[in-house]
Amino acid sequence: MRGATHAKWAACAVTVALAATACGGGGSGGGGGDGSGIVSSSWGDPQNPLEPANTNEVQGGKILDMVFRGLKRYDPKTGEAKDMIAESIDAKDAQNFTVKIKDNWKFSNGEKITAKSFVDAWNYGANLKNNQKNAYFFGYIEGYDKVHPEKGDPGAQTLSGLKVVDDRTFTVKLSQKFSTWPDTLGYPAFAPLPKAFYDDHEAWLSKPVGNGPYTVDSYTKGSKMSLRKWDGYPGDDKAQNGGVDMKVYTDNNTAYTDLMAGNLDLVDDVPAAQLKNAKNDLGDRYINTPAGIIQTLAFPFYDSKWNKPGTEKVRQGLSMAINREQITETIFQKTRTPASDWTSPVLGEKGGYKGGLCGDACTYDAAKAKKLVEEGGGIPGGTLKVTYNADTGSHKEWVDAVCNSINKALGEDKACVANPVGTFADFRSKASKQELDGAWRAGWQMDYPLIQNFLEPVYFTDAPSNDGKYTDAEFDRLVNEANGETDTNKAIGKFQDAEKILAKDMPAIPLWYQNGSAGYSDKVSDVSLNQFSVPVYNEIKVN
Amino acid sequence: MGRYVIRRLLQMIPVFIGATLLIFLMVNVMGDPVAGLCGDRKCDPATATQLKKEFGLDKPVWQQYLTYMGNVFTGDFGTAFNGQKVTELMSAAFPVTIRLTVVAIVFEIVIGISLGVLTGLRRGRPIDTVVLLLTLVVISIPTFVTGLVLQLLLGVEWGVIKPSVSSEAPFDELLIPGLVLASVSLAYVTRLTRTSIAENRRADYVRTAVAKGLPRRRVITRHLLRNSLIPVVTFIGTDVGALMGGAIVTERIFNIHGVGFQLYQGILRQSTQTVVGFVTVLVLVFLVANLIVDLLYAVLDPRIRYA
Numbered sequence: 001m002r003g004a005t006h007a008k009w010a011a012c013a014v015t016v017a018l019a020a021t022a023c024g025g026g027g028s029g030g031g032g033g034d035g036s037g038i039v040s041s042s043w044g045d046p047q048n049p050l051e052p053a054n055t056n057e058v059q060g061g062k063i064l065d066m067v068f069r070g071l072k073r074y075d076p077k078t079g080e081a082k083d084m085i086a087e088s089i090d091a092k093d094a095q096n097f098t099v100k101i102k103d104n105w106k107f108s109n110g111e112k113i114t115a116k117s118f119v120d121a122w123n124y125g126a127n128l129k130n131n132q133k134n135a136y137f138f139g140y141i142e143g144y145d146k147v148h149p150e151k152g153d154p155g156a157q158t159l160s161g162l163k164v165v166d167d168r169t170f171t172v173k174l175s176q177k178f179s180t181w182p183d184t185l186g187y188p189a190f191a192p193l194p195k196a197f198y199d200d201h202e203a204w205l206s207k208p209v210g211n212g213p214y215t216v217d218s219y220t221k222g223s224k225m226s227l228r229k230w231d232g233y234p235g236d237d238k239a240q241n242g243g244v245d246m247k248v249y250t251d252n253n254t255a256y257t258d259l260m261a262g263n264l265d266l267v268d269d270v271p272a273a274q275l276k277n278a279k280n281d282l283g284d285r286y287i288n289t290p291a292g293i294i295q296t297l298a299f300p301f302y303d304s305k306w307n308k309p310g311t312e313k314v315r316q317g318l319s320m321a322i323n324r325e326q327i328t329e330t331i332f333q334k335t336r337t338p339a340s341d342w343t344s345p346v347l348g349e350k351g352g353y354k355g356g357l358c359g360d361a362c363t364y365d366a367a368k369a370k371k372l373v374e375e376g377g378g379i380p381g382g383t384l385k386v387t388y389n390a391d392t393g394s395h396k397e398w399v400d401a402v403c404n405s406i407n408k409a410l411g412e413d414k415a416c417v418a419n420p421v422g423t424f425a426d427f428r429s430k431a432s433k434q435e436l437d438g439a440w441r442a443g444w445q446m447d448y449p450l451i452q453n454f455l456e457p458v459y460f461t462d463a464p465s466n467d468g469k470y471t472d473a474e475f476d477r478l479v480n481e482a483n484g485e486t487d488t489n490k491a492i493g494k495f496q497d498a499e500k501i502l503a504k505d506m507p508a509i510p511l512w513y514q515n516g517s518a519g520y521s522d523k524v525s526d527v528s529l530n531q532f533s534v535p536v537y538n539e540i541k542v543n
Numbered sequence: 001m002g003r004y005v006i007r008r009l010l011q012m013i014p015v016f017i018g019a020t021l022l023i024f025l026m027v028n029v030m031g032d033p034v035a036g037l038c039g040d041r042k043c044d045p046a047t048a049t050q051l052k053k054e055f056g057l058d059k060p061v062w063q064q065y066l067t068y069m070g071n072v073f074t075g076d077f078g079t080a081f082n083g084q085k086v087t088e089l090m091s092a093a094f095p096v097t098i099r100l101t102v103v104a105i106v107f108e109i110v111i112g113i114s115l116g117v118l119t120g121l122r123r124g125r126p127i128d129t130v131v132l133l134l135t136l137v138v139i140s141i142p143t144f145v146t147g148l149v150l151q152l153l154l155g156v157e158w159g160v161i162k163p164s165v166s167s168e169a170p171f172d173e174l175l176i177p178g179l180v181l182a183s184v185s186l187a188y189v190t191r192l193t194r195t196s197i198a199e200n201r202r203a204d205y206v207r208t209a210v211a212k213g214l215p216r217r218r219v220i221t222r223h224l225l226r227n228s229l230i231p232v233v234t235f236i237g238t239d240v241g242a243l244m245g246g247a248i249v250t251e252r253i254f255n256i257h258g259v260g261f262q263l264y265q266g267i268l269r270q271s272t273q274t275v276v277g278f279v280t281v282l283v284l285v286f287l288v289a290n291l292i293v294d295l296l297y298a299v300l301d302p303r304i305r306y307a
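So the sequence lines, in the order shown, correspond to chains A and B.
Per this note's numbering, the very first residue in the first sequence carries number 1; after that it's consecutive.
Per this note's numbering, the very first residue in the second sequence carries number 1; after that it's consecutive.
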């Protein structure tokens, strides 16, 4: 039987194939509980080159958090900005600051960290010539408009507000009062840079050198980065493990599968499809904690239809028509919390978070919603188009649910329709050029845990992320006053007063606060996420 | 023969230019890529202008295209948004995808053609029906289902393979992804071979060969199979290109950092340089594969001559 031999041969080929792949096993080294074990963690390909002032997304931010320490660091538990390299940051008038740094800090290549390491790095970050996407973080420092003019070439190479006094001291002059400015300094853009960064930029980018608890051991762009514990690290948040291997995954589902199969220790972004199973699969090893992210629906105030008196009632009505409880439960499996203000619970009561500030407008009430929308003259144009990007983040599901909820509450099939845009870039380009009509999803991820960061960049007149062009003189005045206020409690009170104006005008409907979700294997312990939903890698212990 | 090849090579030039131009325009139509680089906030206008200048996005599209093509001929495919040279991305992605494609093609040839010959010779018998049914099942199940099920069973439940491929992507780790990638084409190859064999089995030359008393094995491999392979080779030839560019689903499931993944990233980030660069190479692969297929016809059937 010749046919039979053929079949046999084919069967053998498959068996060989299976057996051969089995040989590809074997995980990374253990090392026991002595702090030398290596943690393997999922990672996404960073979108921008890895430089402190050029990294504005989570994937690159994770690495900076391991490789760099700045003047301040946000406590991973409380979010409080604590002195790290800074010995003191003093100011009498909320505008002229004197920064003194500690003596014992150095970069992992041995170079000592001085006041100049900071001043040079900030000048580099602010300079338009260097194309740094986080340049605007230096915008409060005097002279920013010279090194980063809106048009043309920079007229100066350095910020006039920065002065090195001696090796351990420098002064900062801001262009306006900003009392909580020192608390912004925990953001990675403010990290110091070693000389090697300027001397051989290309080489530095392929293997960044910093001053954090880890050093970069090897980096294969787009696939893997190995970080190892730096024994000479002078800080008190030393790495509790021997290092971290960051593996780029094409899909977070695959990362989750790898975690299940025991090939990976940590997944810091549980895919939406797996949220239902995560609790069962992982038990206590599933983390679901609040992060400084809020999702809102923004409205186009540049469109006169949405900017006339009465439309605030429509917006409040629409907000009331959204059943946040139900959506966060069924679609997000409680990884979102219904929002009732415009900040985030990670700020804490002391930091300015005030649940319920939005009032009735953020509570589901179909009958009242319908009445309010009618009083306001109905939805402009008859239909609310909600624009979102369909490529990432599984936004389709919740946008559909929101529209469904609105349609049901208003008793109209076409009151709200979803309007997907193909890519994130296209979506952002349309939003920032004021090309959207109707509403759009407007997520906000905080840069630093301050109430100021949730309000000023998004709702202040002509602020960089105020895509809807909302403007209110009273709001602006209160924010400016809050920034000039040296007493933190009073400042926060003013910010909350400003927020009450948002509740009245409803320039954006708060939807929900987003949680960070992560899962880890039984090989590691002490895993937690900070307020930015980034794992606190240096605290992870390998069992 | 030589003239034919030259003519074909010349024909490639307009196809190549047309295809790249189309891709270039399509990516450009998608809008301003710089807007996506700053996350959920607006890029500050000065930096955005500066970035556009750096990537050459401030010039009119035709000028961008001309500069781009000029650079391509000197081997410069530009820079992706994350600061990497596109050639660097290619040198990382193509070897992986080529390995994956080779695995897939070998599966197609070995399993597909064997099963095709087997069933073609035994048309109507139980084995034929079983294989026909099996191929129908494979064709009707989408690749991502096959992929995810195999990954779950072999990777997680039984622990036979690693569910994800490491960044080095050696051949042995690519066997299962390759099989998944090949599955649908494999079913088509089986069916194509089967039909072709069944048809040619009654051809005069086969009867002659049998009448001459040639051994059965020689009749099948030399006479029957060789003449039946023309449609199969055509299919496999075009499949090379399709597998390389279209492995995106398989590559995502098994965490393979190949061409499909890079293209997907490039499209998401609207990185013209990445997308056009990779597609350019893929177009070349398609063209060359088709040329080779056409030349193979003459080897398989000497009656086909190229003037």
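These aren't lab readings, by the way, just hints derived from the structure by calculation.
Where hints are given, some of them may not hold.
In silico lysine-lysine, BS3-like type, Cα no more than 25 Å apart, as pairs [as the list claims (entries may be wrong)]:
(1) B:K53 <-> A:K433
(2) B:K212 <-> A:K396
(3) B:K85 <-> A:K163
(4) B:K85 <-> A:K430
(5) B:K52 <-> A:K146
(6) A:K151 <-> B:K85
(7) B:K212 <-> A:K129
Every value quoted in this text rests on a predicted model; they were computed, and no experiment measured them.
Pair hint K85 of chain B and K163 of chain A, alpha-carbon separation not exceeding 25 Å: violated, 38 Å
Below or equal to 25 Å on CA atoms is what counts here, so check K52 of chain B against K146 of chain A. holds, 21 Å
25 Å Cα cutoff - pair K85 of chain B, K430 of chain A: violated, 28 Å
Taking only the CA atoms, is the gap from K151 of chain A to K85 of chain B under or equal to 25 Å? Answer violated: K151 of chain A to K85 of chain B is near 29 Å, above 25 Å.
Compare the distance between the alpha carbons of K212 of chain B and K129 of chain A with 25 Å, and conclude whether the hinted pair is satisfied. violated, 82 Å
Pair hint K212 of chain B and K396 of chain A, alpha-carbon separation not exceeding 25 Å: violated, 68 Å
Could you grab the alpha-carbon distance between K53 of chain B and K433 of chain A and see if it respects the 25 Å cut-off? Holds - the C-alpha atoms of K433 of chain A and K53 of chain B are around 19 Å apart, at most 25 Å.
Going through the hint list in order, the structure does not satisfy hints 2, 3, 4, 6, 7.
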